[in-house]
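**Q** Listed here are the chains, written in short residue letters.
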Amino acid sequence: MSVITMREALNQALREEMARDQNVFLLGEEVGAYQGAYKITQGLLQEFGEWRVRDTPIAEEAIAGVACGAAFIGLRPIAEMMTFNFALLALDIIVNHAAKYRYMSGGQMRCPMVMRGPSGAAAQVAAQHSQAFESWYTNIPGLVVVMPSTPKDAKGLLKAAIRDDNPVIFMENEVLYNIKGEVPEGDYFIPLGSSDVKREGKDLTIVAWSRSVVTAMEAAKRLAADGIEAEIVDPRTLRPLDDQPIFDSVRKTNRCIVVEEGWRIAGFGAEIADRVQRECFDALDAPVLRVTSADVPMPYAKTLEKAYLPQPEKIVEAAKRVLYR
Amino acid sequence: MNKDEAFRLHRQMLLIRRFEERCAQLYVEGKIGGFLHLYIGQEAVGVGAISTMRKDDYLIAYYRDHGYSIARGTDIRPLLAELCGKATGISRGKGGSMHFYDMPLGNFGGDGIVAGHLPIAAGIGYGIRLRGTDQVCLCFFGDGAVHEGAFHEALNVSALWNLPVVYIIENNRYGMGTSLDRASAVKDLYLKASSYNIPSCEVNGMDIMAMRGAVEEAVNLARKEKRPTLIEAETYRYRGHSMSDPGKYRSKEEVEEMMRHDPILKFGKWLVEKGYATQAGLDSLDKEVIAEVDEAQKFTEQSPDPSPESLFEDVYVKTPYINLPGVSSDPAWAAAVEHDRIPEKYPPFVPPKPAAAKVEA
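Quick mapping for you: the protein sequence lines, in order, are chains A and B. Counting in the numbering used here, the first sequence runs from 23 upward without gaps. Counting in the numbering used here, the second sequence runs from 23 upward without gaps.
Simulated from the structure, these hints should not be mistaken for laboratory data. Some hints here could point you the wrong way.
As the list claims (entries may be wrong) - Per the computed footprint, the stretches of chain B lying under chain A, defined by three or more beta-carbons under 8 Å from a beta-carbon of chain A, are: (1) 51–61; (2) 113–123; (3) 135–141; (4) 165–175; (5) 263–272; (6) 283–290.
From the three backbone atoms N, C-alpha and C, an ideal C-beta is built for every residue, glycine too.
Build out the structure end to end from the sequences listed, making use of the hints.
**A** Take a look at the structure:
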């Protein structure tokens with residue numbers, strides 16, 4: 023085990039997979055000469071050359087489309103979106119093409135591409151640069167949607183995403199790039215569609231992914247000070263969702279809250295709440311509660327930004343409500 | 023062009039024409055549903071262009087796609103079956119008119135989003151470059167597509183990275199009901215290539231020889247020098263945009279005038295003048311082609327509808343990188359398989375009576 027940042031973990035995953043398979047290549051804005059807008063691709067151009075680390079113009083539809091077309095003939099492209107806010111310009115390629123060609127062709131084709139980059143809020147970059155878009159992609163059959171919360175998960179899941187033959191939307195989080203964690207030595211991968219219990223506890227279940235896991239961990243620490251032990255389940259992959267570990271946890275704790283950085287209406291947390299009420303109806307001692315961002319565009323001012331995002335205190339408050347305390 | 027090749031291309035155009043006419047009839051009878059965009063009038067574009075392709079080259083096209091599949095050599099039986107939503111359809115009844123594919127022939131379809139497949143064509147070109155082969159990709163789209171951002175993004179990166187893609191605009195003068203005059207500030211669409219320093223030309227898309235010549239040159243440039251080309255093929259569709267379009271935005275006289283330049287009549291005349299065929303021979307070829315369409319219809323009528331179980335198939339690929347036990351409550355994952363499906367092969371069509379259209383040497 024070595025302790026590295028999520029940025030380093032992602033960089034290692036890219037480097038190792040590119041070295042392992044010459045069909046893997048990377049393209050996106052500033053991925054090469056600039057060394058990555060967030061330095062995830064640092065050093066890769068020097069190691070693999072311009073045809074495998076391709077700097078592109080600011081043209082998201084071309085980035086995603088080139089990835090999609092190359093994937094159709096058997097390559098393994100990784101399209102970096104500088105952030106998922108800009109990926110809206112590539113949405114047609116992802117939704118109408120990458121996700122659907124296998125189905126529309128009656129199973130003749132496959133699209134082994136990855137589209138990755140940061141999603142969610144950074145710090146004070148306002149409404150157009152601070153959006154959590156996972157619920158948009160999880161709604162689309164044909165896609166796989168991955169959202170890691172630790173360096174170990176990030177590396178292992180990215181390696182699986184690159185090797186997998188389905189189109190994978192791999193959503194990172196800028197705020198998490200500098201967090202550190204233990205990562206196994208040597209080659210490993212974490213299967214897509216496997217949930218992970220990030221903290222064990224007996225009193226309530228908190229389902230959270232990506233940055234919200236960190237927020238939930240902080241809340242759990244505060245709850246522990248009050249003698250409440252929260253269990254945190256991190257799905258890691260939202261589509262397909264490995265829901266059994268969530269049900270197992272809720273059957274143990276009898277209470278569940280879901281934390282997400284997205285907006286409340288039609289957010290992915292609603293899908294989890296739906297499954298939990300259906301599968302664990304008899305086990306539940308309280309309604310499933312959701313902690314989400316506020317249903318407004320992200321504001322700029324620090325105080326407003328704090329009020330907008332899920333905070334540990336909001337999770338603590340929700341936890342106490344489901345515990346009737 | 024030698025006699026055999028000329029005759030083969032003529033037969034392909036005729037087969038497309040008769041196939042499309044049968045489609046129109048089956049649509050009226052309610053056997054074909056959804057959107058149906060016919061290629062009637064535009065046959066020379068696809069047949070001429072595709073005749074320049076090597077076996078290992080690729081093509082990707084828009085939704086008026088029946089002609090490309092036929093020109094590339096896909097059996098018309100699974101094509102007609104697809105149109106009628108049968109399990110034996112080329113896309114297992116999941117695609118319909120706009121989504122014909124044939125992977126063993128490098129045919130990537132049939133895309134229903136105007137210009138959506140242009141960046142994908144660039145990606146196929148990029149993949150070819152990365153692998154270092156000398157394949158090329160042909161990309162067909164209508165005049166309506168040049169106003170989409172995707173057209174410009176695709177052309178820019180194709181020129182920037184030297185991608186072996188031939189972009190072919192089928193300018194049939196109307197984007198659905200909107201004439202080019204009302205949609206484009208620049209009337210000569212091939213000029214748009216100059217923004218990206220891409221070689222381009224305008225060609226008579228009703229003339230198969232001209233079409234083939236222009237595309238051949240572009241294919242050579244792509245294969246040898248890895249450069250893209252933009253070709254504007256001037257053509258015309260005799261029918262409406264789709265079957266639901268009565269075409270009230272253009273005059274009867276305009277349609278009749280264009281039909282006088284019919285690519286099949288024109289090429290047939292050339293074959294006779296050249297001594298490659300007799301008129302009686304061409305008439306008998308027509309009968310043979312109609313018999314092939316009849317057989318495809320019979321095949322379709324005898325084909326089963328897709329089973330309800332197939333609904334969840336073909337969404338995902340099963341791989342070792344997915345935790346299948348954890349996600350198999352999702353029926354699309356439970357139905358996932360590791361392999362790709364390859365279109366079924368049927369015994370070749372045998373004409374009822376041997377046709378002697380060709381003048382034998």
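**Q** I'd like to know which numbered hints this structure contradicts. Please list them from smallest to largest.
**A** 1, 5 and 6
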